[in-house]
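Novice: Chain by chain, the residues run as shown.
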Amino acid sequence: MLLRHTPTEITERTALTINPAKTCQPIGAMYAALGIHGCLPHSHGSQGCCAYHRSALTRHYKEPISASTSSFTEGASVFGGQANMLQAINNIFTVYNPEVIAIHTTCLSETIGDDLPQIKKKAAAEGKIPEGRYVISASTPSYAGSHVTGFSNMVKSMAGMAEPTGKKNGKVNIIPGWVEPADMEEIKRITGVIGVKTILFPDTSGVLNGPLSGEYKMFPEGGTTVAELKSTGDSKGTLALGEWCSADAARELDTKCKVPCSVLDMPFGLMATDRFIDALRTIAGVNIPDEILNERGQLVDMISDMHQYLYGKKVALVGDPDQLIAMTEFLVSMDMKPIHIVTGTPGKKFEKRIKEITKDMGCKVNVKAKGDMFLLHQWIKNEPVDLIIGNTYCKYIARDEDIPYVRWGFPILDRQGHQYFPTVGYKGGLRLLEKITGVLLDRKDRDDSESKFELVL
Amino acid sequence: MATAAKKKLVQWGPAEVKAALLEKYPPKVGRKRAKQIMINEAQQNETPEFTANVRTIPGIITMRGCTYAGCKGVIMGPTRDIVNLVHGPIGCSFYAWLTRRNQTDAGPDGENYMNYCFSTDMQEQDIIFGGEKKLAQAIQEAYDLFHPKSIAVFATCPVGLIGDDIHTVSKNMKEKFGDCNVYAFSCEGYKGVSQSAGHHIANNQVFRHLVGQNDEVKPGKYKINLLGEYNIGGDGFEIDRIFKKCGITCISTFSGNSTYDQFASSHTADLNAVMCHRSINYVADMMETKYGIPWIKVNFIGAKATAKSLRKIAEYFGEKELIDTVEKVIAEEMPGVEAALAEITPRTEGKTAMMFVGGSRAHHYKELFDELKMKTISAGYEFGHQDDYEGRQVLPNIQVDADSRNIEEIEVEPDEARFKPRKSDKEMKALEKAGYKFKHYDGLAADMDKGTLIIDDLNQYEAEKLVELMKPDIFCAGIKEKYSIQKLGVPMKQLHSYDSGGPYAGFLGAINFYKEIDRLVNSKVWGYMKAPWQKNPQLSASYNWE
Chain X
1 MLLRHTPTEI
11 TERTALTINP
21 AKTCQPIGAM
31 YAALGIHGCL
41 PHSHGSQGCC
51 AYHRSALTRH
61 YKEPISASTS
71 SFTEGASVFG
81 GQANMLQAIN
91 NIFTVYNPEV
101 IAIHTTCLSE
111 TIGDDLPQIK
121 KKAAAEGKIP
131 EGRYVISAST
141 PSYAGSHVTG
151 FSNMVKSMAG
161 MAEPTGKKNG
171 KVNIIPGWVE
181 PADMEEIKRI
191 TGVIGVKTIL
201 FPDTSGVLNG
211 PLSGEYKMFP
221 EGGTTVAELK
231 STGDSKGTLA
241 LGEWCSADAA
251 RELDTKCKVP
261 CSVLDMPFGL
271 MATDRFIDAL
281 RTIAGVNIPD
291 EILNERGQLV
301 DMISDMHQYL
311 YGKKVALVGD
321 PDQLIAMTEF
331 LVSMDMKPIH
341 IVTGTPGKKF
351 EKRIKEITKD
361 MGCKVNVKAK
371 GDMFLLHQWI
381 KNEPVDLIIG
391 NTYCKYIARD
401 EDIPYVRWGF
411 PILDRQGHQY
421 FPTVGYKGGL
431 RLLEKITGVL
441 LDRKDRDDSE
451 SKFELVL
Chain L
1 MATAAKKKLV
11 QWGPAEVKAA
21 LLEKYPPKVG
31 RKRAKQIMIN
41 EAQQNETPEF
51 TANVRTIPGI
61 ITMRGCTYAG
71 CKGVIMGPTR
81 DIVNLVHGPI
91 GCSFYAWLTR
101 RNQTDAGPDG
111 ENYMNYCFST
121 DMQEQDIIFG
131 GEKKLAQAIQ
141 EAYDLFHPKS
151 IAVFATCPVG
161 LIGDDIHTVS
171 KNMKEKFGDC
181 NVYAFSCEGY
191 KGVSQSAGHH
201 IANNQVFRHL
211 VGQNDEVKPG
221 KYKINLLGEY
231 NIGGDGFEID
241 RIFKKCGITC
251 ISTFSGNSTY
261 DQFASSHTAD
271 LNAVMCHRSI
281 NYVADMMETK
291 YGIPWIKVNF
301 IGAKATAKSL
311 RKIAEYFGEK
321 ELIDTVEKVI
331 AEEMPGVEAA
341 LAEITPRTEG
351 KTAMMFVGGS
361 RAHHYKELFD
371 ELKMKTISAG
381 YEFGHQDDYE
391 GRQVLPNIQV
401 DADSRNIEEI
411 EVEPDEARFK
421 PRKSDKEMKA
431 LEKAGYKFKH
441 YDGLAADMDK
451 GTLIIDDLNQ
461 YEAEKLVELM
471 KPDIFCAGIK
481 EKYSIQKLGV
491 PMKQLHSYDS
501 GGPYAGFLGA
511 INFYKEIDRL
521 VNSKVWGYMK
531 APWQKNPQLS
541 ASYNWE
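Same order as they appear, the protein sequences are chains X and L.
Reminder that position 140 of the first sequence reads as 140 in the numbering used here, one-by-one numbering, no gaps.
Reminder that position 286 of the second sequence reads as 286 in the numbering used here, one-by-one numbering, no gaps.
One should not assume that every hint holds.
[To be verified] Computed list of lysine to aspartate or glutamate pairs in DMTMM-like fashion (alpha-carbon distance at most 20 angstroms, straight line): (1) K217(X) / D105(L); (2) K351(L) / E416(L); (3) K290(L) / E416(L); (4) K62(X) / E416(L); (5) K348(X) / E124(L); (6) K471(L) / D278(X); (7) K221(L) / D270(L); (8) K28(L) / E215(X); (9) K465(L) / E215(X); (10) K244(L) / E124(L); (11) K395(X) / D447(L).
Note that these hints are calculated values from the structure, not bench results.
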């Protein structure tokens with residue numbers, strides 16, 4: 001057994017986290033910043049943070065992740081990181097020449113109290129920021145929130161680049177949250193089919209799902225441009241997908257630039273996608289073309305075709321709040337039973353939402369924010385499930401307990417496809433359903449006796 | 001083959017390459033980097049200004065990680081029955097969770113915590129009010145849940161800054177439990193200039209709290225410790241196979257596939273064989289002083305190097321039985337190696353490689369490329385020191401800067417009860433007279449050809465430039481470098497974690513490596529990068545359907 005020391009009996013832990021269901025803020029800020037065109041994320045801390053974040057993102061995307069660091073040593077930790085940061089800004093613009101440097105802090109620079117806005121001012125005053133280049137920053141202390149919080153904080157800083165001109169641009173801002181490049185691409189496809197002009201930020205499509213062509217571009221073609229970010233202040237509205245990932249940025253645009261916003265769930269599964277499409281229709285004042293209606297019908301068709309294999313199946317879920325809320329709703333909508341649900345990210349609201357979504361399921365649901373995968377495993381030992389959905393670390397539980405398992409979330413370190421095939425929207429729903437029914441039926445084919453083994457399922 | 005067909009339009013000289021690498025830097029950065037790029041003069045390097053183990057320049061995209069990574073990730077990570085508890089915000093423990101491909105064999109029932117990730121997950125109030133209470137509670141909870149024989153505590157950046165006394169907390173918990181050894185590592189990420197400082201800190205604490213805890217004499221002949229072998233991709237399993245075949249008893253491995261007890265009884269061995277000089281030489285030195293165990297440098301990467309290292313171990317013990325067995329094993333193993341080489345070298349001969357990895361690995365893997373008749377045209381370390389490049393003879397001349405001075409040096413004295421010279425003075429002298437070298441390492445530069453480029457702490461910009469100018473057939477570094485190099489159409493092999501392969505150590509490992517490099521440099525995929533219409537874009541006439 002891989003996790004052979006995990007006992008079935010659950011004891012309360014107040015200080016020890018085992019097998020976390022979250023990581024720290026800065027990696028979220030780094031991922032978000034990669035969704036700005038021509039942007040170099042910069043980690044203001046010691047080298048290891050940047051090295052770890054780059055490694056984790058590289059393993060997940062199998063793509064180059066460029067990011068720089070202030071390379072703190074003991075001296076900088078004692079005397080403050082301003083000198084390192086100023087030197088870094090100068091070196092970055094000289095050697096790599098990005099359009100934007102997006103700085104995030106770390107527990108180190110936060111603990112010693114480095115003041116990034118002041119350092120940025122000093123850099124500007126000393127002429128270290130060339131004309132037409134930008135430095136943005138987000139405070140992302142690793143000891144608060146989670147990687148989701150860091151993502152949200154950097155996206156909020158991106159919203160801070162809005163420069164309203166007073167003339168509306170006729171566009172809708174869409175903040176997709178921490179989804180895959182393929183999902184961002186799919187959202188753009190959907191809005192394109194519907195005929196809504198949008199500014200999507202951040203947008204990692206074309207950045208973290210690039211081609212192999214014999215050329216290396218440190219700053220690939222994709223990403224939301226600075227011009228688009230400035231223009232977000234002139235949009236007619238903002239759709240923020242996911243309370244945890246995207247709401248702060250949308251509210252920032254509302255407060256600062258009077259761009260009204262709606263906060264929706266991430267469009268995973270049938271109903272969340274329905275609400276997203278309907279909101280788009282309303283905010284943009286357009287009719288939904290038959291092409292989208294047809295995609296919806298295909299998803300409903302597949303749910304109906306496969307319902308006998310889904311009905312009543314118990315599921316354990318681990319991941320990030322926005323994704324889990326939408327996934328739980330999707331599973332419930334297909335008469336499945338998500339009974340153990342854990343996120344490492346804090347937020348009482350999460351537990352409340354999950355309880356609302358599952359209230360008519362007719363069975364006990366274990367849900368925990370600020371939980372960990374050790375607890376999830378213990379819940380599974382106490383009440384087994386038919387399916388696990390979560391990131392790569394779930395495979396240790398899935399193998400030990402011999403449970404079918406769908407990889408979904410962050411990080412996925414051992415399979416490919418997430419950067420190319422979306423799981424948002426109706427088409428994404430089809431892919432999720434294909435994956436879920438695939439593992440459930442593979443298990444049936446494995447376990448059925450020879451006399452019960454069937455050709456047609 | 002695509003790589004073979006690649007046109008090398010300009011043959012750049014090393015001086016021109018060096019100048020090209022430096023040209024874009026601000027002057028101050030350029031001056032500093034110039035000292036870390038050496039045009040090798042082979043054997044006798046006179047280049048006086050070459051430096052290593054110095055700070056990375058802020059903003060320059062480095063390959064390096066931090067002290068915590070070197071301590072927890074590298075040295076302590078592979079030991080399966082110690083609960084490694086990280087005191088800090090969640091990220092540090094999360095990123096070091098199963099990402100280094102250290103394999104271990106705990107058997108069906110053995111203690112194994114390597115698949116777990118433990119953290120105190122420090123929150124804002126812990127940073128403000130101190131995290132000692134939470135740490136003590138977390139140690140208690142780990143003890144109550146698992147009853148391990150040992151709990152190791154690792155500091156992350158904020159711990160040092162807020163002044164949590166992790167050593168006292170650990171000591172108190174150890175006393176409270178009575179049957180669990182608890183100790184701590186002050187390996188805050190900002191200490192030192194790279195992972196290397198973390199290795200040193202780990203060595204110190206392993207020596208202080210683990211080595212010498214168990215005096216029980218283990219059975220077996222020809223007892224050695226293998227230091228600096230981390231069982232990445234199963235390297236250690238292959239080395240163990242060979243040791244067993246030779247009749248050599250490996251008391252402990254620091255730290256691949258290791259257990260607490262191996263460290264505890266390591267002082268009962270009679271020879272320390274050091275693989276990774278950079279990460280572990282400190283403990284070898286300290287064990288020699290305290291217990292009288294001599295150390296030698298070995299290398300099990302490369303079939304010839306493996307044979308040489310086995311002979312070196314046999315020569316040390318000097319017994320005919322061992323010498324004969326070692327020769328017999330080599331004679332048994334080499335035909336397989338030679339057959340693989342005969343099949344593969346026609347496809348690899350004359351190709352070129354670059355390696356920027358570790359603090360000894362770039363040197364070790366050169367052996368394997370030599371066996372494939374490939375030329376290493378540029379190499380360097382991520383966190384090596386000057387002695388890893390130029391040999392231990394430069395040790396007295398290395399200037400200790402402020403960053404290194406911050407890392408503790410333990411004063412060691414012979415252990416009154418347990419110090420025992422393994423050989424008499426006369427025996428040692430006789431061995432040395434016959435050319436046997438203890439505590440000896442020549443470094444990378446001596447093995448690199450004249451005119452090749454040795455570059456310390458290579459960064460992303462220089463890597464890309466090097467590949468563009470020198471067009472190697474393969475580039476070796478770590479995961480962060482992998483895909484930017486491959487985007488250029490050059491295969492990239494990870495030599496930290498081996499991507500997905502291994503083992504590459506020993507005889508069978510060497511054969512694995514030959515096959516892997518053959519696969520990489522001769523893969524069809526590098527020929528697919530241009531679409532047919534890109535290769536011949538001029539449309540001269542339209543196709544007539546009818």
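Novice: Look at each hint and say if it fits the structure.
Specialist: Evaluated hints:
no.: 1; hint: K217(X) / D105(L); in the structure: violated, 43 angstroms
no.: 2; hint: K351(L) / E416(L); in the structure: violated, 55 angstroms
no.: 3; hint: K290(L) / E416(L); in the structure: holds, 9 angstroms
no.: 4; hint: K62(X) / E416(L); in the structure: violated, 55 angstroms
no.: 5; hint: K348(X) / E124(L); in the structure: holds, 18 angstroms
no.: 6; hint: K471(L) / D278(X); in the structure: violated, 54 angstroms
no.: 7; hint: K221(L) / D270(L); in the structure: holds, 10 angstroms
no.: 8; hint: K28(L) / E215(X); in the structure: violated, 30 angstroms
no.: 9; hint: K465(L) / E215(X); in the structure: holds, 13 angstroms
no.: 10; hint: K244(L) / E124(L); in the structure: violated, 52 angstroms
no.: 11; hint: K395(X) / D447(L); in the structure: violated, 44 angstroms
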